[in-house]
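Engineer: Taken in sequence, the protein lines are chains R and B. Residues are numbered in the working numbering as their position in the first sequence, beginning at 1, plus a constant of 10. Residues are numbered in the working numbering as their position in the second sequence, beginning at 1, plus a constant of 362.
The set of hints was computed from the structure by calculation and includes no laboratory data. Ideal Cβ positions, reconstructed from N, Cα and C, are used throughout, including at glycine. Take the hints with a grain of salt, since some may be wrong.
[Claimed, not checked] The list that follows gives simulated cross-link-like pairs (lysine-lysine, DSSO-like), each with its CA atoms no further than 30 Å apart:
#1 B:411 <-> R:187
#2 R:89 <-> B:403
#3 R:106 <-> R:191
#4 B:411 <-> R:126
#5 R:93 <-> R:126
#6 R:126 <-> R:82
#7 R:106 <-> B:412
#8 R:191 <-> R:93
#9 B:412 <-> R:202
#10 B:531 <-> R:82
[Unchecked claim] Selected chain B positions facing chain R (Cβ under 10 Å, derived; list incomplete):
#11 388
#12 390
#13 392
#14 407
#15 418
#16 420
#17 423
#18 463
#19 466
#20 476
#21 478
#22 481
#23 487
#24 497
#25 498
[To be verified] If the Cβ cut is set under 10 Å, some of the chain B residues that face chain R in the computed set are:
#26 405
#27 411
#28 415
#29 416
#30 426
#31 448
#32 450
#33 505
#34 506
#35 507
#36 509
#37 510
The lines below spell out each chain.
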Amino acid sequence: MIYLLTKNNQSKRFKNFNKKSNGFTLVEILVSVSLLAVIILGINRIYFSVINNQASINDESNIQSDMEYFFKIASNNIKATNKSDGVACSAITSDKFFLVETDYLGSNFDKITFTKNGACSGFYATTTDGIGNIHLFDETAGVDQAITSSNTDVLDLSFLVEDNLTTGQPIATILVKVAPKSDSTNFVYIQKSISLNTEF
Amino acid sequence: MKKFNITNGKNNKSAFTLMEIVLILMMASIGLVAILSLALKSVNVNNIKKNMFTAMFLADEGLEVMTNIRDTNLIIGNYYNDWDNLGLTATSGVNLYKTDYYSLIATTTADISETNLWQNEAGFYSHSSTSSSTASIYNRMITVNSYSASSSVESLIRWTGQGNDYDFKLETILYDLSFN
């Protein structure tokens, strides 16, 4: 009896409910969908700007580690440079430390040559597959090795040396214009000076 | 049985008022603006980091040039701390200088606003300005506190980006390595 009563009552409830409630109108649905679209578009923009930012942070740290590696090798080599005797590395004038060839072979990049442990070595850069790479070479040992990764695009490499001083410590200044390989307009200039350990 | 009847409740329910919708929209837009400004800030931070990268190496170069001056002084038998190479005299106390790879001599300066670094056409940063060079955003001032046996040297880079001033500073101690 109680069961019947409840059942009866429930069916009445649902009947009433269905009868009284209205569906959404077309205008309501249109408004809510367009609001949702605006919100999703906004979120989408944020999402992509965060992703882009993440990518550029990644590029930046690639450049940083590449450049730090290059400067470490450059420091080790340039600090240990000997005065040229004009024989071991005949391109360098005797009593000088460096030879800088500006825009070597018509490229954007300078080439620096110095004597180290009686051998002719130095740095230059080339473009391979559209990406600029810095190379370390040692003519005597026949070594020519790219020392920057393919994530980093070297756009410009310049050297300035000061070994004409009658008195004073020779110094080499390196300037690199470098960008991530994905975006060459997002470049940064890095300049570093290295003094020699050798006494004049 | 009355309390199971929900038709009464149904009748009382009305649509949202204009005020309610405006309020909801306002709250939603405040939330969105907050999130957007956060994203914008992180883009700015990235820009600052890029300038900082160049500043780091420029500050390091300041110390390297001062070391070079110290070494030259030692080689020619000058006082190790004759930074400006004037009168072959030792300097003492706190002095403000600017110097670069080009001059290899420290020049006294009054404050950091006079120490703008210029980029020549090849891109090299130095204090010499010519018609073909452009002013960079960086200033570099060297602060030296000289004593007879050692000097503390501080290389300060200051630049302006997005309307704010940023500083990067490196310090070292240069010793008198002559044996006299």
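Engineer: Of the hints stated earlier, which fail here?
Structural biologist: Violated: hints 2, 3, 4, 7, 8, 11, 13, 20, 21, 24, 31, 32, 33, 34, 35, 36, 37.
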